[in-house]
Amino acid sequence: MTATESLQTLRDALDRHAQSPDIPRLLKHWRDEATLAPLAVLPPAYDQVRQSMLQRLDMAVSFSEESCSFSPASLLAEMRLWADKAEAKLAGM
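Numbering-wise (this note's numbering), the sequence shown opens with residue 23 and increments by one.
It is worth saying that the hints were derived from the structure and are not from the lab.
The following label-pair restraints were derived from C-beta to C-beta distances:
| # | residue 1 | residue 2 | range |
| --- | --- | --- | --- |
| 1 | V63 | F85 | 34 to 40 Å |
| 2 | E27 | P66 | 18 to 24 Å |
| 3 | F85 | G114 | 34 to 40 Å |
| 4 | Q41 | M115 | 30 to 36 Å |
| 5 | D80 | R38 | 16 to 22 Å |
| 6 | P46 | A99 | 17 to 23 Å |
| 7 | G114 | D44 | 31 to 37 Å |
| 8 | V83 | E27 | 24 to 30 Å |
| 9 | M23 | P65 | 16 to 22 Å |
| 10 | Q41 | A62 | 25 to 31 Å |
Just so we're clear, the structure is a prediction, and the values are computed from it rather than from any experiment.
Backbone N, C-alpha and C fix where the C-beta goes; we use that ideal spot for every residue, glycine too.
Kindly generate the complete structure, drawing on both the sequences and the hints.
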């Protein structure tokens with residue numbers, strides 16, 4: 023799998039989630055080592071940001087929205103933005 027294919031797999035998981043919300047399944051895809059391995063060519067900051075988003079999404083799901091400052095909808099938008107920025111970085115490498 024190439025880095026571009028990995029990003030597409032992550033985007034596909036976001037698209038599936040938009041049609042049929044299932045955050046645990048989405049998190050599984052975004053943490054899958056086989057999917058993420060080709061993305062190791064990105065600077066380490068990309069993985070740190072991805073992990074931070076997933077951790078916040080975990081917390082948003084664990085707590086009601088009233089008691090958590092992390093909105094799942096905004097985090098999902100951030101995940102799409104992350105994928106866009108990762109794609110742009112890969113294109114420039």
